[in-house]
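> So the protein sequences, as listed, match chains A and B.
Per our numbering, the first sequence starts with residue 1, numbered consecutively.
Per our numbering, the second sequence starts with residue 74, numbered consecutively.
It is worth saying that the hints were derived from the structure and are not from the lab.
None of these values were measured; they are calculated from a predicted model.
Every residue gets a Cβ at the ideal spot worked out from N, C-alpha and C, and that includes glycine.
Just to be clear, a hint being listed does not mean it is correct.
[What the hints assert, rightly or not] Residues on chain A that point at chain B, a partial pick, calculated with CB under 10 Å: (1) ARG11; (2) VAL12; (3) ASN15; (4) LEU21; (5) GLY45; (6) VAL48; (7) HIS49; (8) ARG68; (9) ILE70; (10) GLN71; (11) GLY72; (12) GLY73.
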Amino acid sequence: MTGDRIQATVRVTVNGEPRELGSGTSVDDLVSPALGRGVAVARNGEVVHRSDWATTHVEPGDEVEIVRPIQGG
Amino acid sequence: MTNPGNEPDTPATTTGAPPSAPDDDTWKLGEVEFSSRVILGSARYPSTQTMLDALAASGTELVTMAVRRVDLRSRDGENLYELLTDHGYQVLPNTAGCFTAQEAVLTAELAREALGTSLLKLEVIADEETLLPDPIETVTAAAALVQRGFHVLPYTNDDPVIARRLQDVGCVAVMPLAAPIGSGLGIRNPHNFELIRSLVSIPVIVDAGIGTASDITQAFELGCDAVLLNTAVAQARDPVRMARAVRHAAVAGREAFLAGRMPKRFYADPSSPMEGRIGARNAAWP
């Protein structure tokens, strides 16, 4: 983003899929509360701690991973 | 050497302190203490209820889970993590499916964030056909994760030298495979397990390849501290009954190990004394 210009949308990748999100979308907005406990988020290869979800906004080109524990051995 | 009495080529000792009673025969991963020496996976059960019943029957306290992308389109689905923790189990996240140290480290960081535990089953595999561990990536990832404060339990080959390397970089346990994941072939190289046991002082956990109860008993008799299995229970015809067998097999093997087995002999050795036998040479016959 350049200067104070607000873009209407940002193109990002969420869990490997391209998404167009409203500018100002936070990590918190991306995570459905219905998922319950055990969700974690990484943005561009770095974990975003849960306490920072509300204040971390996606930026153009971001690669976001949203994961949870599932059955495994 | 933490386990006297079962070293290779050493006869069992008959002296020394009596072994701990089973009830206080606990073991530790880092700072976390466990009573059960069985770690179970949470995958491939016929149903969630069967899984819960099998976990209970096995007596396990620690259950493994994988970490995967959330399905963003799906809003339903049970939360297996909540279910397991609500039932009192500790969850051990794994890095299953990772092929490089870099992937494993990010997966581990996500797992720690998601589950709030530093315990980690490190799994870095070489290919999808064998699912065998890549030892070089595994040691690299283990060292990086220890630096980041993880308590690392690496899935590894049954290679004593790699096991020692993993101890050297600070892992809290080593988890050599009995046989390839999901093969159920049992311990392919028992002697390597004896070597690993003699070369490292951290807990040795047999991970992968367990097929049935006797494999577990053998693992403990060889000096292993715990076993980690999934398919052998989940894909048994009766998973709950197999889980019960697993619990008994672990206790049997551990008790046998602590008891110290008798030395093996080439020829027979009579149990009943040979002295004092009667003379029957002059007795009527037939």
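> Which of the listed hints are broken here?
1, 2 and 4
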